[in-house]
Each structure stands twice: as structure tokens, then as C-alpha cells.
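J.: Residue strings, one per chain:
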Amino acid sequence: MSTYKYLESHEYVRVEDGQAVIGISDFAQTQLGDVVYVDLPSVGDTFDKGDSFGSVESVKAASDVYAPVSGKVLEVNELLSDKPELVNTDAMTDAWFIKMDMSDSSELDSLLDEEAYKKFTDE
Amino acid sequence: MLARALAPLAPALRRAQLQQPATRVAAQVAVRGLASDADAANTLKTAVYDKHQELGGKLVDFAGYWLPLQYPAGVKAECLHTRNEASLFDVSHMGQVRITGPDAVAFVESIVVGDIANLKSNEARLSLITNDHGGIIDDTVITRFDDFVGMVINGACKHKDLKHMHARLEDSKLDAKIEHLEDLALFALQGPKAAIVMDRLANDLTVSAMNFMEARVGKIGGVDCTLTRCGYTGEDGFEISVSNSEANKIMDLLLEQEEVAPAGLGARDTLRLEAGLCLYGNDIDETTTPVGARLVWTVSKPRCAEGGFPGAETIQAQMKDKTQKPPRVRVGLVVDGAPARSHVEIYDAEGKEAIGEITSGTFSPILGKPVAMGYVDRAFMKAGTEVTCKVRKKFVPATISKMPFLPAKYYRAP
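Those protein sequence lines, which keep their order, are chains P and X. Here the first sequence is numbered in this note's numbering, starting from 1 and rising by one per residue. Here the second sequence is numbered in this note's numbering, starting from 1 and rising by one per residue.
Since the hints were made in silico from the structure, they are not lab data. Check each hint, because a few of them may be wrong.
[Claimed, not checked] Some but not every residue of chain X turned toward chain P, in silico, with C-beta under 8 Å:
| hint | residue |
| --- | --- |
| 1 | GLY74 |
| 2 | LYS76 |
| 3 | GLY266 |
| 4 | THR270 |
| 5 | GLY276 |
| 6 | HIS343 |
| 7 | PHE363 |
| 8 | LEU367 |
| 9 | ARG392 |
| 10 | LYS393 |
[To be verified] Partial selection, computed: residues in chain P whose CB lies under 7 Å from chain X:
| hint | residue |
| --- | --- |
| 11 | TYR37 |
| 12 | LEU40 |
| 13 | VAL43 |
| 14 | ASP45 |
| 15 | LYS60 |
As the structure is a computational prediction, the values presented were derived from the model and not from experiment. In this text, a Cβ means the ideal position worked out from N, Cα and C, and glycines have one as well.
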């Protein structure tokens with residue numbers, strides 16, 4: 001099982017084949033409700049940790065999503081443009097948002113681990 | 001009734017759009033809309049506050065009342081249930097006002113654009129309270145009863161409206177009395193199955209003989225109610241005015257019906273936008289006139305000719321004289337991409353020239369695409385015109401559309 005790290009703004013990152021796979025947490029999708037639109041960047045865009053790289057929208061609200069690490073976008077999840085509702089059913093797995101080539105993998109150390117994130121969301 | 005008032009919510013949602021970290025979502029966003037704990041302490045409870053909590057409603061401060069943004073089913077499911085079955089909304093935040101006295105009708109006509117004198121008994125009508133410049137102070141549903149005139153005004157506007165009404169009454173020397181009926185709750189039952197439910201419960205009324213925009217006094221489950229066939233969703237439906245002391249009984253009875261599920265403010269806002277209905281504070285306000293808002297149909301012909309209501313000169317001039325027309329008018333938009341929400345700028349098809357602004361926007365669950373309302377330069381008002389909406393620095397294509405976005409289902413008795 002992959003190891004997930006989190007931002008307090010509820011984005012996760014897991015490392016797969018050396019790439020950062022980024023999405024929003026299951027807790028976040030529950031709070032958002034029915035996701036109706038996901039706005040994603042283009043392949044090749046670069047972001048610094050903490051930059052807004054896209055947004056996720058429910059019927060009533062739009063929320064920015066932030067990059068948990070710095071790097072270049074290698075792939076965006078095209079599935080989400082046709083089936084944004086995947087975010088509600090498979091947030092942690094199939095409904096990842098982007099894959100990034102990390103410029104500094106030590107940034108991962110500054111993120112919340114599973115336990116810390118759980119504690120954060122329980123508060 | 002044609003209740004609207006998500007206005008206080010809109011700024012919260014807007015902030016969410018612009019700057020909130022991911023996922024400070026519906027409930028949290030709404031809670032963020034609460035100005036402060038001190039304000040929250042002053043937030044009022046409707047008669048069925050406990051019921052909202054029991055049902056798992058996400059309560060937010062809306063127009064000064066704790067009301068459910070949504071229940072566990074969620075905004076999308078609540079919207080679809082309203083379109084397919086029947087939904088129950090607590091709209092007790094709205095102001096219910098009774099005008100009595102020999103000059104009641106004359107007084108109401110002195111503050112609104114509509115023809116109240118010619119309403120039949122029990123007939124209701126959407127009207128506008130205007131200021132002396134033709135701007136809209138509030139929209140209101142006015143019902144003529146045998147011995148008084150009823151008005152339902154927006155929750156977020158009611159204190160302003162009542163102050164205005166009392167001031168105008170004092171100036172007018174007319175013999176009328178304004179009562180704010182704070183001991184009444186108000187529910188909306190909306191959806192294609194609302195009439196089946198009402199027929200079952202309101203035994204002393206012939207529901208099938210009630211047209212849309214007609215009221216009756218009767219009993220529901222033995223409780224005295226005033227029923228008005230009207231609503232804010234584009235569906236057939238009823239608004240039920242009942243004393244606070246009997247409100248829980250009525251809510252329980254309605255929710256016991258298999259067709260009925262509770263729905264919150266989120267669904268209500270999306271449903272009214274799909275129906276092309278304005279939200280006061282977003283789509284109309286004191287700077288918009290009935291002409292720019294394309295609500296001239298609320299200004300009756302004789303009254304338009306005669307005047308005698310606040311702002312009549314301005315409204316008449318805007319209607320008659322092309323040079324006086326407001327430069328921008330209210331239109332509907334169907335958006336092909338990211339939802340365009342309030343304050344998003346509208347551009348021409350090439351994204352070169354700013355031509356307007358979105359005032360309300362949502363994702364329509366029933367249409368499966370985003371819809372919006374906004375104001376555009378007159379040259380772009382025609383249905384079918386291609387434009388773009390600048391959402392997060394991207395130009396999203398959109399088409400000016402007729403409203404409502406789906407056919408209205410207002411009932412006419414055979």
C-alpha cells in the first residue's frame with residue numbers, strides 16, 4: 001500500500017515510480033459533496049509547493065487545490081473531465097488529479113503523515 | 001414564497017472560489033460566512049430548528065436564522081428529488097406581512113409596481129418594491145385576501161422593507177396598518193408530486209381547483225394553514241403558512257409522506273436559478289430597474305401608463321425611450337466548462353472585450369451542465385449569442401440562453 005502525505009488544505013501526495021501522484025483526500029470529498037467539475041493544469045506546467053494548480057467544484061462551491069510539492073506536471077487525469085464524480089467514489093485511488101516530477105523530494109518530509117492528518121481532520 | 005435569500009451565502013462562496021484552500025467546502029465555506037461568534041450568538045432559530053438538527057442538516061446563518069444549507073442527501077440529490085418528487089423547505093426566515101384597513105390596497109399600490117386593486121380575492125402575484133429611482137428594494141409575493149393584503153418579503157430584506165413601508169405609510173396619510181406576523185412559520189413544498197400530497201392532507205380544500213398563484217385558507221392534518229400555490233423552483237408547489245406552535249406538527253406530517261424529502265438552501269438556490277428566478281441581492285438590487293432586470297412583466301399595463309408608484313418616471317422613460325434603456329440587461333447563460341459563478345466577468349466570444357458580469361451561477365444537476373444568470377451589454381443579449389466567461393483566468397465558452405433553463409410547470413386548473 002502506498003504511503004500518503006497530506007497538506008492541511010486536504011490535498012494528498014503519494015509517490016509511485018518516482019512520481020508524485022496528487023489528489024484530494026477522502027475526507028475532503030465527503031465535505032465537498034457531489035463533485036461536478038475538476039479544473040486541471042496542462043502537462044508541462046510547473047508549480048511550487050503551495051501554488052494553486054486547479055480547482056474542484058461541487059454544485060454550490062468552487063475550491064482551489066494546492067500543490068503539496070514543487071515540480072512539473074507529467075500527466076493529468078483525463079478521466080475526471082468526463083467523470084468528475086469519480087472524486088466522490090475513488091478520491092484516494094483512481095481519482096488522482098495530476099502526476100508531477102518532483103523538483104525536491106525532501107518537501108515530502110514537511111507534510112502531514114496519515115496519523116497527523118487524521119488527527120487534524122478529527123479536530 | 002418566491003423566497004430568495006442566499007445573498008449572505010454568496011460572498012462566502014465567492015471567497016471560497018477565490019482564495020480558500022482546497023476543500024474548505026460547502027459546510028465550512030458556509031460557516032465561514034458567519035461574520036463572528038458574536039453574530040452567531042444572535043442568530044435566530046426557526047420553529048423547526050430542532051428538526052433540522054435531527055435530520056442532519058448542515059446549519060448555516062442565513063438572513064439571521066439557522067437554516068440547513070443541505071441535509072445528508074446533498075444538494076444534487078435534493079435538487080433531483082424536487083424535480084421528480086416533492087421537497088420540503090423551511091423558509092420561515094421570510095417576512096410575512098399583513099396590511100389591513102380601508103386603504104390597504106391603495107397603500108400597497110403606492111409602494112409596488114403591480115396591479116393589486118385588480119387582483120381577485122385569493123389571487124397572488126409577484127411584484128417589486130421600488131425606490132424613487134426605479135431601483136428594486138425587494139421582490140415580494142402579494143396576495144389579496146378578502147379583508148387584507150398579504151405580502152411575503154425576503155428574509156434578508158425584511159427589516160429594511162418594513163422600515164421603508166412604515167415610513168411611506170406615515171408620509172401617505174393613508175388609513176392602513178402594517179403587521180409583521182412573526183408568530184408564523186413558512187414552508188415550501190415543491191415538486192411534481194406536491195399536489196398529490198396536498199390533496200391527501202388538505203381535506204377541506206379542492207387542490208385541483210387552485211391555480212398557480214392562488215391562495216386558500218384551510219386545514220392540513222387538522223391544523224389551520226394558509227396555502228398558496230406558488231414557489232421558487234419552477235415546479236408546481238405550495239407555500240404553507242402556519243403558526244410557529246403548530247409548525248413541527250406540519251413538518252412531521254409532510255415528511256411522513258412517501259413522496260416528500262427535506263431540502264436545504266443549496267438546492268433551493270440551484271432550483272431557482274434553473275427556473276430563471278432572481279435572487280435579491282445577487283441578480284437584482286437597488287441599482288437595477290425592472291427594465292434592466294427584464295421584469296417589466298411585473299409592471300401592469302395600466303399602472304405603467306398611469307404611474308403613481310416609486311420610480312415610475314424612470315421606468316416609463318426606460319421603456320419608451322431607446323436612449324434611456326439601461327446599457328446592460330439580465331440574461332441566462334449555459335456554460336460549456338467550469339461553472340461561472342457570481343462576479344465572473346463575461347467577455348465576447350473572442351475573449352477580447354468585457355461585456356458583462358455573472359450575478360448567479362451554479363451547476364445544474366438536472367441538465368448536467370453549468371447555468372448562470374448575469375448582465376450583458378444589449379448588443380449581446382439575444383439568445384444564441386456566443387460569449388465567454390473568464391473563470392480563473394481561462395475563457396470558458398458560454399451561450400446566451402432563454403430562461404427558464406427548463407420548462408416551468410406552473411399549474412392551471414382545468
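J.: If a hint holds in the structure, say so; if it does not, say that too.
T.: Hint by hint, here is what the structure shows:
no.: 1; hint: GLY74; in the structure: holds, 5 Å
no.: 2; hint: LYS76; in the structure: holds, 4 Å
no.: 3; hint: GLY266; in the structure: holds, 5 Å
no.: 4; hint: THR270; in the structure: holds, 6 Å
no.: 5; hint: GLY276; in the structure: violated, 17 Å
no.: 6; hint: HIS343; in the structure: violated, 12 Å
no.: 7; hint: PHE363; in the structure: holds, 4 Å
no.: 8; hint: LEU367; in the structure: violated, 11 Å
no.: 9; hint: ARG392; in the structure: holds, 6 Å
no.: 10; hint: LYS393; in the structure: violated, 11 Å
no.: 11; hint: TYR37; in the structure: holds, 6 Å
no.: 12; hint: LEU40; in the structure: violated, 11 Å
no.: 13; hint: VAL43; in the structure: violated, 16 Å
no.: 14; hint: ASP45; in the structure: violated, 12 Å
no.: 15; hint: LYS60; in the structure: holds, 5 Å
In terms of the numbered hints stated before, the structure departs from hints 5, 6, 8, 10, 12, 13, 14, listed from lowest to highest.
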